[in-house]
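A.B. asks: Kindly generate the complete structure, drawing on both the sequences and the hints.
If you're matching them up, the sequences are chains A and B in order.
Heads up: the first sequence is residues 8 to 488, going by this note's numbering.
Heads up: the second sequence is residues 8 to 488, going by this note's numbering.
In case anyone wonders, no lab produced these hints; they're calculated from the structure.
Accuracy of the hints is not assured; some may be wrong.
To list a few chain A residues with every Cβ distance to chain B over 10 Å, as calculated [said to hold, decoys possible]:
hint, residue
1, N405
2, E406
3, W476
The calculated label-pair distances, taken between Cβ atoms and stated as ranges, are [to be verified]:
hint, chain 1, residue 1, chain 2, residue 2, range
4, A, D353, B, R409, 29 to 37 Å
5, A, A147, B, G428, 51 to 59 Å
6, A, A147, B, T398, 56 to 64 Å
7, A, R69, B, R438, 40 to 48 Å
8, B, E384, A, D144, 30 to 38 Å
9, A, Q334, B, G454, 28 to 36 Å
10, A, E469, B, T22, 45 to 53 Å
11, A, R69, B, S442, 34 to 42 Å
12, A, K153, B, T398, 45 to 53 Å
13, B, A276, A, R69, 35 to 43 Å
14, B, A246, A, E57, 51 to 59 Å
15, A, A273, B, R338, 35 to 43 Å
16, B, D35, A, P296, 21 to 29 Å
Not everything, but these chain B residues come out facing chain A in the computed CB check (under 8 Å) [as the list claims (entries may be wrong)]:
hint, residue
17, T82
18, L110
19, G186
20, L215
21, H389
22, K451
23, Q453
24, R455
Idealized CB from N, CA, C, for every residue including glycine.
Protein chains: 2
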Amino acid sequence: MQQALQNDPARHGMTAEEFRRAGHDLIDWIAAYLEGCEEYPVLSRAAPGEVRRGVEAPLPQRGESWEAMWRDVETLIMPGLTHWQSPNFYAYFPANASYPAILGELLSAGLGVNGMLWSCSPAATELEMFVLDWLVDLLALPAHFKGAGVIQHTASSASLCALLAAREQALEWRGNAVGLAGAGVRLTAYTSDQAHSSIEKAVMIAGLGRENVRLVKSDDAGAMLPAHLEQLIDADRAAGCTPCFISATMGTTSSLAMDPLRAIGAIAARARAWFHVDGAMAGTALACPEFRGIADGLDLADSFCVNPHKWMLTNFDLDAFFVREPQRLVRTLSILPEYLRAAQSDQVVNYRDWHIPLGRRFRALKLWFVIRSYGVEGIRAHVRRHVALATRFAHWVNEDDRFELAAPPSLNLVCFRLRAGDAPSEALLRRLNESGKIHLTHTKLQGRYALRLCIGSPRTQERHVEAAWALIQRTAGECSS
Amino acid sequence: MQQALQNDPARHGMTAEEFRRAGHDLIDWIAAYLEGCEEYPVLSRAAPGEVRRGVEAPLPQRGESWEAMWRDVETLIMPGLTHWQSPNFYAYFPANASYPAILGELLSAGLGVNGMLWSCSPAATELEMFVLDWLVDLLALPAHFKGAGVIQHTASSASLCALLAAREQALEWRGNAVGLAGAGVRLTAYTSDQAHSSIEKAVMIAGLGRENVRLVKSDDAGAMLPAHLEQLIDADRAAGCTPCFISATMGTTSSLAMDPLRAIGAIAARARAWFHVDGAMAGTALACPEFRGIADGLDLADSFCVNPHKWMLTNFDLDAFFVREPQRLVRTLSILPEYLRAAQSDQVVNYRDWHIPLGRRFRALKLWFVIRSYGVEGIRAHVRRHVALATRFAHWVNEDDRFELAAPPSLNLVCFRLRAGDAPSEALLRRLNESGKIHLTHTKLQGRYALRLCIGSPRTQERHVEAAWALIQRTAGECSS
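C.D. replies: Here is the structure:
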């Protein structure tokens with residue numbers, strides 16, 4: 008024992024002085040990286056297994072220096088990255104990092120507090136509820152979401168929590184006790200055929216079964232058809248099922264289509280089903296008054312989620328989840344063992360009961376920094392710039408006879424294709440991504456291949472989008488020749 | 008549109024130069040905080056609502072300076088924190104932050120990549136699998152966990168994934184399709200009455216129902232009694248239930264008791280139930296050969312989780328989850344929409360199918376930095392120091408007639424109480440926490456109140472534990488007088 012106690016903890020790992028030096032260097036490196044990341048090939052060119060072969064090494068017995076690790080980051084890790092922060096990244100959806108958010112994440116890591124209970128760090132809980140109330144103001148969300156927000160990891164987690172509360176409500180809060188087999192009720196859930204796969208995944212996890220998800224048809228733009236929703240619900244009721252959950256999308260993943268929330272919400276109310284709205288990316292657009300039409304009917308929602316980690320300059324992960332009556336969420340997810348009993352439990356919010364994990368890091372800091380650093384003005388300018396650039400891009404697509412829009416442009420997303428068909432469009436995407444100059448992804452709309460160009464980086468300027476279009480035009484010429 | 012495009016993005020938020028300056032200051036501040044955090048009252052003294060009243064402000068229209076935000080951090084947030092990194096924090100479980108892990112989190116935030124698919128950043132996936140293979144070596148885990156690890160948020164998430172795979176396996180992979188009501192099988196799950204509440208929470212989420220969780224009795228030390236497990240399984244089988252999941256604990260939350268894995272694993276094999284082992288905190292002790300006895304029988308496990316974010320110097324969140332056959336996890340959690348189809352899907356791992364969320368940040372970096380920075384030696388010294396200190400503390404408790412151990416000391420945890428009874432013990436805990444000098448939490452063992460002293464901070468030295476014991480002795484005198 009004596010020997011163990013004599014170990015000086017500072018002998019291992021890094022000293023404070025080493026941390027300061029490495030930390031300063033890393034801060035400078037990150038600034039240089041973000042300012043210059045358009046120089047990298049956007050899509051990583053690493054072959055499967057290449058990074059692994061590079062990093063492969065025996066487990067180190069003794070500690071290594073920061074310099075040795077950093078060398079490996081630069082030579083082995085960097086070539087294996089796809090540069091999500093590049094102004095030339097137009098794939099999937101934006102995953103904004105910003106300077107104030109990075110500082111928020113750093114501060115959170117440095118403090119290392121766990122906010123599972125209010126008493127574990129009152130500031131973690133109270134700042135979170137406060138900053139989510141700010142988000143209600145910023146996005147002009149319904150007033151019933153004030154004091155009713157919680158940070159989740161992702162929209163998948165938020166949708167799962169919404170579905171679980173919906174399930175319990177429909178089973179009159181007996182499901183958690185007796186289980187779904189015991190309850191003997193066939194629950195059904197509804198979302199559109201354009202909804203994100205996380206809804207089906209949530210249905211699987213919650214034990215409802217994919218066969219009990221109804222994929223409501225969508226119109227040509229990709230928006231849910233309420234009349235079909237109503238038909239499906241009626242048919243299910245007639246068949247003895249209990250509709251419990253309707254998930255609408257404010258901005259579908261494929262084409263950023265907007266489900267008609269008011270009509271869907273009215274149907275949900277009549278069916279007495281939980282009405283969830285997934286606004287993961289597009290929800291950020293609500294910061295701008297001119298885009299708030301897409302939220303018409305959101306006042307009917309039982310729950311809503313938006314991901315500031317997508318388009319609101321806040322590093323992954325930070326999904327903001329709002330529930331009409333948080334008590335329904337707590338009733339669904341609460342468990343109270345002795346070792347978590349805290350003195351003030353009646354007067355305060357304990358966020359562990361609002362989501363699946365128990366532990367939670369202090370993520371409100373970064374959103375607080377982002378909103379204060381940008382202000383409403385800055386966030387609006389960020390959104391407006393992307394929408395204007397996408398509008399301009401869509402105009403160019405329309406003007407080139409070889410191309411056509413695959414769906415109506417929506418906010419910052421343009422879906423387009425070569426009129427020549429699926430194979431040339433697929434070849435075009437492959438060549439664009441191989442060029443390293445831009446990165447786009449694809450989808451299928453009405454069974455046909457479409458390229459998606461989603462503009463969302465704080466670093467994407469007019470010149471980038473112009474260069475992207477010039478490259479697309481040039482490459483299209485090569486594909487058809 | 009022209010107006011929007013003229014907005015210079017750099018006009019909002021922070022410039023690179025402001026970020027550099029603020030970042031350097033923040034790095035220095037974090038080093039000073041961690042070196043000096045024993046000066047703070049460990050448990051926050053904020054009253055409910057106090058932090059909220061401090062930060063309350065209208066939504067800012069224009070951006071604010073870093074200096075303004077930072078002032079608020081120091082004056083409004085800091086008093087609302089419980090200092091988990093303090094060397095005088097002995098509550099719950101450790102939540103280690105360390106310099107290399109903080110740098111890893113910072114780098115991850117700066118790169119801002121999302122590793123949901125291999126192609127989204129090959130390095131994120133390949134480094135993760137590599138560093139989890141290192142963890143298999145470091146902790147001498149069974150060889151079947153090589154190439155079979157994934158980072159989850161927390162042990163709660165890992166246990167839920169294990170249970171879902173168990174559920175699907177027991178339902179012959181039909182549950183995801185038809186749902187639990189449709190399958191019509193009454194599944195039962197087993198864990199001890201000392202297991203973490205996350206197991207019951209997972210059972211609720213997965214739709215099995217709490218009534219179908221059997222809480223196996225534990226012995227005086229808090230370890231599961233395999234004979235009782237077997238009885239329960241037999242009774243359930245006789246009643247027509249299908250046992251699907253047995254979760255054993257390597258180090259219970261209350262008393263760090265070690266379930267007899269080999270006996271439990273043999274029962275699980277006979278019952279053809281999934282055998283999960285939760286080693287959230289104690290798993291880190293497996294870095295030291297002398298503590299590996301607690302892993303006897305782990306070779307029988309279908310899955311195992313350990314949280315480097317607890318006792319292995321790696322900032323929250325990072326749970327390492329290992330599965331005997333990852334294909335069973337993928338079969339449970341995979342969904343493949345068109346917009347996520349990637350070219351290389353057959354040759355590579357896409358971690359989105361290994362857990363509940365879709366998006367994921369690059370967390371392997373921080374564990375890579377920790378293992379390289381400390382080396383096996385450093386991690387062992389870290390664990391051994393805490394175990395030695397806890398052993399010494401337990402010895403002091405034994406030598407003072409007013410006190411008794413409430414459970415056998417285990418690794419870095421000592422459960423103790425005043426012989427005078429529950430009320431004086433409870434009063435003692437309250438006074439200790441109010442002193443601000445140390446922070447402990449409590450539990451109940453065999454129905455009696457017990458204080459838990461869990462030693463796990465890299466900054467906790469002999470002098471801190473000596474001072475803690477002196478304070479406990481002095482305060483006990485005040486409680487009984």
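A.B. asks: Please go over all the hints and tell whether each is borne out by the structure.
C.D. replies: Going through the hints against the structure:
1. N405: holds, 15 Å
2. E406: It holds; E406/A is separated from chain B by about 16 Å at its closest Cβ, greater than 10 Å.
3. W476: holds, 15 Å
4. D353/A <-> R409/B: 29 to 37 Å: 33 Å Cβ-Cβ, so the 29 to 37 Å window holds.
5. A147/A <-> G428/B: 51 to 59 Å: The hinted range 51 to 59 Å holds for A147/A and G428/B, with Cβ atoms some 57 Å apart.
6. A147/A <-> T398/B: 56 to 64 Å: holds, 59 Å
7. R69/A <-> R438/B: 40 to 48 Å: holds, 44 Å
8. E384/B <-> D144/A: 30 to 38 Å: violated, 53 Å
9. Q334/A <-> G454/B: 28 to 36 Å: At roughly 31 Å between Cβ atoms, G454/B and Q334/A fall inside 28 to 36 Å, so the hint holds.
10. E469/A <-> T22/B: 45 to 53 Å: violated, 20 Å
11. R69/A <-> S442/B: 34 to 42 Å: Holds: the Cβ-Cβ distance is about 40 Å, inside 34 to 42 Å.
12. K153/A <-> T398/B: 45 to 53 Å: Since the Cβ atoms of K153/A and T398/B sit about 51 Å apart, the hinted range of 45 to 53 Å holds.
13. A276/B <-> R69/A: 35 to 43 Å: holds, 40 Å
14. A246/B <-> E57/A: 51 to 59 Å: holds, 54 Å
15. A273/A <-> R338/B: 35 to 43 Å: holds, 39 Å
16. D35/B <-> P296/A: 21 to 29 Å: Violated, at about 42 Å.
17. T82: violated, 11 Å
18. L110: Cβ of L110/B sits 6 Å from chain A, so the hint holds.
19. G186: Because about 2 Å separates G186/B from the closest Cβ in chain A, which is inside the 8 Å limit, the hint holds.
20. L215: Given a least distance of 5 Å, the restraint on L215/B holds.
21. H389: holds, 7 Å
22. K451: holds, 5 Å
23. Q453: violated, 12 Å
24. R455: Nearest chain A Cβ about 11 Å off; hint violated.
When the structure is compared with the earlier hints, violations turn up for hints 8, 10, 16, 17, 23 and 24 and for no others.
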